[in-house]
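Generate coordinates for the entire structure from the input sequences, incorporating the hints supplied.
Per our numbering, the sequence shown starts with residue 10, numbered consecutively.
Derived by calculation from the structure, the hints in this document are not laboratory data.
For clarity, every value in this text was computed on a predicted model and none was experimentally measured.
Beta carbons: idealized from backbone N, C-alpha and C, even for Gly.
Treat the hints with caution; some may be incorrect.
Distance windows between CB atoms, simulated [to be verified]: (1) Gly47 with Gly175: 35 to 45 Å; (2) Gln65 with Leu209: 19 to 29 Å; (3) Gln43 with Asn208: 47 to 57 Å.
Straight-line distance between alpha carbons at most 25 Å, and here's what the computed SDA-like set of lysine to any residue pairs gives [as the list claims (entries may be wrong)]: (4) Lys66 with Cys81; (5) Lys180 with Met148; (6) Lys180 with Asn157; (7) Lys128 with Gln65; (8) Lys203 with Gln214; (9) Lys115 with Ala149; (10) Lys210 with Thr195; (11) Lys203 with Pro158; (12) Lys128 with Ala68; (13) Lys115 with Asn157; (14) Lys98 with Ile48; (15) Lys210 with Leu174; (16) Lys49 with Leu174; (17) Lys203 with Leu215; (18) Lys49 with Arg35; (19) Lys39 with Glu129; (20) Lys197 with Asn187; (21) Lys128 with Tyr94; (22) Lys203 with Met213; (23) Lys66 with Met104; (24) Lys98 with Ala52; (25) Lys66 with Ile38; (26) Lys49 with Met61; (27) Lys128 with Ala149; (28) Lys67 with Thr108; (29) Lys115 with Lys210; (30) Lys49 with Asn144; (31) Lys66 with Asp50; (32) Lys49 with Leu123; (33) Lys98 with Thr44; (34) Lys67 with Met33; (35) Lys125 with Thr179; (36) Lys66 with Lys98; (37) Lys197 with Tyr219; (38) Lys115 with Ile140; (39) Lys39 with Glu63; (40) Lys128 with Gln91.
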Amino acid sequence: MFNGRTNKTTPMQHRILIADDHSMIRKGIKLLLQTHLGIKDVAEVSSGNGVMCELQKKAYTHLILDIILPDCTSLEIVPNIQRLYPDLKIMVFSMLNGTVYGEALKQYNIYYYLEKTSKEEDTVSFLDNFINHYNPAEMATIKGTSANPFMPLSARELEVLHYMLGGYGTKDISTMLNLRMNTVSTLKNRIFEKTETANLKELMQLASLYNVS
Numbered sequence: 010m011f012n013g014r015t016n017k018t019t020p021m022q023h024r025i026l027i028a029d030d031h032s033m034i035r036k037g038i039k040l041l042l043q044t045h046l047g048i049k050d051v052a053e054v055s056s057g058n059g060v061m062c063e064l065q066k067k068a069y070t071h072l073i074l075d076i077i078l079p080d081c082t083s084l085e086i087v088p089n090i091q092r093l094y095p096d097l098k099i100m101v102f103s104m105l106n107g108t109v110y111g112e113a114l115k116q117y118n119i120y121y122y123l124e125k126t127s128k129e130e131d132t133v134s135f136l137d138n139f140i141n142h143y144n145p146a147e148m149a150t151i152k153g154t155s156a157n158p159f160m161p162l163s164a165r166e167l168e169v170l171h172y173m174l175g176g177y178g179t180k181d182i183s184t185m186l187n188l189r190m191n192t193v194s195t196l197k198n199r200i201f202e203k204t205e206t207a208n209l210k211e212l213m214q215l216a217s218l219y220n221v222s
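Encoded structure:
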């Protein structure tokens, strides 16, 4: 079991951990942090397990996290990260629809979500806001649009949705998320009801339309 660290840092000792399975993305963010914000203490990992191992080694102040990692989704590991490292500030940087996942992450009090399609100057500004002017209360007041059919899904339902769209059946999802099969079945039914889809084919078509995976 992982144990949280108690190391203290001064306000200006920013220690950033970037978690993304694409090397070019990690190095791009790192370069922006170094050249525009003057932050030198930046580390990279490519998996959820890498995140947990690296957090154990060092007292990081900020975590920049992708939604989908090779071994898990951020929605799966965020609760554990927050339990072990309650002072760690978390931002999500992803290709996936911010309207859907950004709202889901608010359930974990994560209000910093930026899509990778953002312009460089907007990304730098957002990173500066996240690192140097961290204010989750202010970010919480920013409302998303209600037009997206996936917005009503809970964080747990989005976890199940991710594996459904990946072609996994109820038994596999039950094993991966450590849930009972009847619980998974209930969650799947709720997903169909909330998105008003009749079957997996319709759900996949809708997910493709709204860039949800």
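Going through the hints against the structure:
A hinted range of 35 to 45 Å holds for the C-beta pair Gly47 and Gly175, which are about 40 Å apart. At roughly 39 Å, the beta-carbon separation of Gln65 and Leu209 lies outside the given 19 to 29 Å, and the hint is violated. Taking the beta carbon of each, Gln43 and Asn208 are about 48 Å apart, inside 47 to 57 Å as hinted. Among the hinted pairs, Lys66 with Cys81 is consistent with the structure: their alpha-carbon atoms are about 21 Å apart, no more than 25 Å.
In summary, the hint linking Lys180 to Met148 is not supported, as the alpha carbons are separated by about 38 Å, beyond the 25 Å threshold. A distance of roughly 29 Å separates the Cα atoms of Lys180 and Asn157; the hinted pair therefore is violated under the 25 Å criterion. Taking the CA atoms of Lys128 and Gln65, the gap is near 33 Å; set against the 25 Å cutoff, the hint is violated. Between Lys203 and Gln214 the alpha-carbon distance is near 15 Å, which keeps this suggested pair within the 25 Å criterion.
A C-alpha spacing of about 8 Å is found between Lys115 and Ala149, which places the hinted pair at or below 25 Å, so the restraint holds. For the proposed pair Lys210 and Thr195, the alpha carbon gap of about 18 Å is at most 25 Å, so the pair holds. Pair hint Lys203 plus Pro158 holds up; C-alpha atoms about 7 Å apart against a cutoff of 25 Å. Annotation: proposed proximity of Lys128 to Ala68 is violated, straight-line Cα distance about 30 Å (limit 25 Å).
A threshold of 25 Å between alpha carbons decides the hint, and for Lys115 with Asn157 the separation of about 16 Å falls inside it, so the pair holds. At roughly 16 Å between alpha-carbon atoms, Lys98 and Ile48 fall within 25 Å of each other, so this suggested pair holds. Proximity of Lys210 to Leu174 is assessed by CA-CA distance (about 9 Å); at most 25 Å being required, the pair is judged to hold. With a C-alpha separation of about 39 Å, the suggested pair Lys49 and Leu174 falls outside the 25 Å cut-off, and the hint is violated.
With a CA separation close to 12 Å, the supplied pair Lys203 and Leu215 stays within the 25 Å bound. In summary, the hint linking Lys49 to Arg35 is supported, as the alpha carbons are separated by about 14 Å, within the 25 Å threshold. At roughly 13 Å between alpha-carbon atoms, Lys39 and Glu129 fall within 25 Å of each other, so this suggested pair holds. The straight-line distance between the Cα atoms of Lys197 and Asn187 is roughly 15 Å, inside the 25 Å bound, and the hint therefore holds.
With a C-alpha separation of about 31 Å, the suggested pair Lys128 and Tyr94 falls outside the 25 Å cut-off, and the hint is violated. For a cut-off of 25 Å, the pair hint linking Lys203 to Met213 stands: about 14 Å separates their Cα positions. Using a Cα cut-off of 25 Å, the hinted pair Lys66 and Met104 is violated, with the two alpha carbons roughly 29 Å apart. Taken as a hint, the Lys98 and Ala52 pair is honoured in the structure, with Cα atoms around 15 Å apart against an allowance of 25 Å.
A C-alpha spacing of about 21 Å is found between Lys66 and Ile38, which places the hinted pair at or below 25 Å, so the restraint holds. Between Lys49 and Met61, the direct Cα distance comes to roughly 21 Å. Compliance with the 25 Å bound is thereby established for this hinted pair. Simply put, Lys128 and Ala149 have alpha-carbon atoms about 22 Å apart, close enough for the 25 Å limit, and the pair holds. A C-alpha spacing of about 32 Å is found between Lys67 and Thr108, which places the hinted pair above 25 Å, so the restraint is violated.
For the suggested pair Lys115 and Lys210, the alpha carbons sit about 29 Å apart, so the restraint of at most 25 Å is broken. The suggested pairing of Lys49 with Asn144 holds, with an alpha-carbon distance near 23 Å, which does not exceed 25 Å. A threshold of 25 Å between alpha carbons decides the hint, and for Lys66 with Asp50 the separation of about 14 Å falls inside it, so the pair holds. Pair hint Lys49 plus Leu123 holds up; C-alpha atoms about 22 Å apart against a cutoff of 25 Å.
Our distance criterion of 25 Å between C-alpha atoms is met by Lys98 and Thr44, whose separation comes to about 21 Å. Simply put, Lys67 and Met33 have alpha-carbon atoms about 24 Å apart, close enough for the 25 Å limit, and the pair holds. Our distance criterion of 25 Å between C-alpha atoms is broken by Lys125 and Thr179, whose separation comes to about 31 Å. Annotation: proposed proximity of Lys66 to Lys98 holds, straight-line Cα distance about 17 Å (limit 25 Å).
A C-alpha spacing of about 19 Å is found between Lys197 and Tyr219, which places the hinted pair at or below 25 Å, so the restraint holds. Of the pairs offered as hints, the one joining Lys115 and Ile140 holds, with about 18 Å between alpha carbons and a cut-off of 25 Å not exceeded. Taking the CA atoms of Lys39 and Glu63, the gap is near 16 Å; set against the 25 Å cutoff, the hint holds. Distance hint between Lys128 and Gln91 is unfulfilled; the C-alpha atoms sit about 29 Å from each other, more than 25 Å.
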